[in-house]
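Line by line, the protein sequences are chains A and B.
Counted the way my numbering counts, the first sequence spans residues 1 to 305.
Counted the way my numbering counts, the second sequence spans residues 1001 to 1305.
Each hint should be verified, as a subset may be incorrect.
[Stated by the list, open to error] Label pairs and their computed distance ranges (CB to CB):
hint	chain 1	residue 1	chain 2	residue 2	range
1	A	E2	B	L1292	44 to 54 Å
2	A	N31	B	V1143	33 to 43 Å
3	B	V1302	A	T90	21 to 31 Å
4	B	R1274	A	N31	50 to 60 Å
If you are wondering where the hints come from, they were derived from the structure by calculation, not from laboratory data.
C-beta: ideal position from N, C-alpha, C; glycine also.
There are 2 protein chains.
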Amino acid sequence: MEITFLGTGAGLPSKERNVTAVALSMLQELNEVWLFDCGEATQHQLLHTKIKPGKINKIFISHMHGDHIYGLPGFLSSRSFQAGADRPLTIYGPEGSKEFIQAALKLSYTHLTYPLTVIEIKEGLLFETEAIEVYAKKLVHGVPSFGFRIVEKDKPGELLVDKLKEKGVRPGPVYGEIKEKPSVTLEDGTIIYRSDFIGSPKKGRVISILGDTTYQAAHKEFVKNSDLLIHEATFAADKEALAEDYFHSTNIQAAKIALDAGCKQLILTHISSRYQFSDMDAFLEETKEVFLNTSIAGDFSVFQL
Amino acid sequence: MEITFLGTGAGLPSKERNVTAVALSMLQELNEVWLFDCGEATQHQLLHTKIKPGKINKIFISHMHGDHIYGLPGFLSSRSFQAGADRPLTIYGPEGSKEFIQAALKLSYTHLTYPLTVIEIKEGLLFETEAIEVYAKKLVHGVPSFGFRIVEKDKPGELLVDKLKEKGVRPGPVYGEIKEKPSVTLEDGTIIYRSDFIGSPKKGRVISILGDTTYQAAHKEFVKNSDLLIHEATFAADKEALAEDYFHSTNIQAAKIALDAGCKQLILTHISSRYQFSDMDAFLEETKEVFLNTSIAGDFSVFQL
Ligand SMILES: [Zn+2]
Ligand SMILES: [Zn+2]
């Protein structure tokens, strides 16, 4: 999995940071790329990455504020002219998503070349596939705002082929049988116990990506034990009152959630334009005092997981 | 007057050109800046110019294609947070403009800090002030698309103060009288004829800015004798059939209009991303064979008039 930040600012674009969008590439795992929020000029930002719009097949919208959705009409339209443009796209967003997209496309005489589905979401399990589950939770932001928890399912261990060969069991249909059944009796009478020839299961990863929100201790339950938590940090610690007034969080509040929820890694984004790049060292140091494994995202920051 | 091109590409943003927007600064003349079209990320482009969003008090939308309007919601929202944010803004656009803007603002919970008026336009005189007239004309683009003709009114000549002083007429209320009346008799009986003491009137300038359009000889009437014609040139001359299929123009067609209409200067914009910057020398040379005083706009090109 690879996470690319396409916009890491709050409210307005600045010369340093575009408005919000994050891409989660799961090309190796699922041959899919998911987008979380789509602020204005997200399609422009993508031009400077290796992510192909046609590979993006799911978009999650945390909330309907302009800095998180105004890039949708342009992204959707332009995707019709790019490689993979026949690939279906599903958007998961709050109430109003459908009307917003339909109005923008209709009034601009836009006809997409691919099937588009817009699903207006509620709290709970959004969907489940063989490999993954995605959950949504309502946050607190003055308008409906959601967080997303992406849970990769554990993968059963691999068959220990070398160990079987050592034991003299030659490749063939029997390998499949060993993988399926608790035990298999070979023609010579030997009993093979699966547990002896299967590696340990591969633990699925958990990524939590929260939309704009004020601090709520209760959020820790939703992001519990995440391998990665992506959390907004519009303000530094000394602006806690301001953060509360505007339904946003400080770096320290984000760090507290990460700590209390037992997360492994925290990435801060949605940084107010009152802060310059030159303020970021202090911003980060302050956060690390509460949660050590913290990074601050910049536009085009890429993280591997 | 100063013209700043904020986006000069066609259809999709590219690394070289953003989608369409042109700013006409008349700060000295009217203390106003007008915007023509507002493609996605126009507010981002403005960050790299000296134009203040709060100074923009009129926006003209040529047509409702996404590459000309998707930057509106973001521009309108962000303007609320900038200097001059209480200044009224009027948008002149085709049918659908009102619904597009209302839907985007409503569904994103956006409350502007300034009075916004959206006027859906028809052909003819859009408005007239003491200093200026603006006309609209329907072009041919598959969807309603307009061209705009901005006509600065002629200014009466200035009083020739030095000449009056030479003649022994001293500054005072009589100067106003001389300016107002065809002739004035001074106390000593001298008759002053206005025509002798007024400089020549300052001819108003005419700027024509056309939206996307296919070639129509009839357009020359609308842009007649323009000091400056801004015309789309999506394709080069050898793609005339393609231009017609997609309701666009070639560089040569734009040049023919400029020539036949007796325009003084032609600036080409809305260049397809099939052309690179490195193709522009040939593109321009070809155009100049028909109309010599031609330029090709790039993003952030500035022209004085
Ligand atoms: Zn936001
Ligand atoms: Zn266009």
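Hint check results:
{"no.": "1", "hint": "A:E2 <-> B:L1292: 44 to 54 Å", "result": "holds, 53 Å"}
{"no.": "2", "hint": "A:N31 <-> B:V1143: 33 to 43 Å", "result": "holds, 37 Å"}
{"no.": "3", "hint": "B:V1302 <-> A:T90: 21 to 31 Å", "result": "violated, 44 Å"}
{"no.": "4", "hint": "B:R1274 <-> A:N31: 50 to 60 Å", "result": "violated, 29 Å"}
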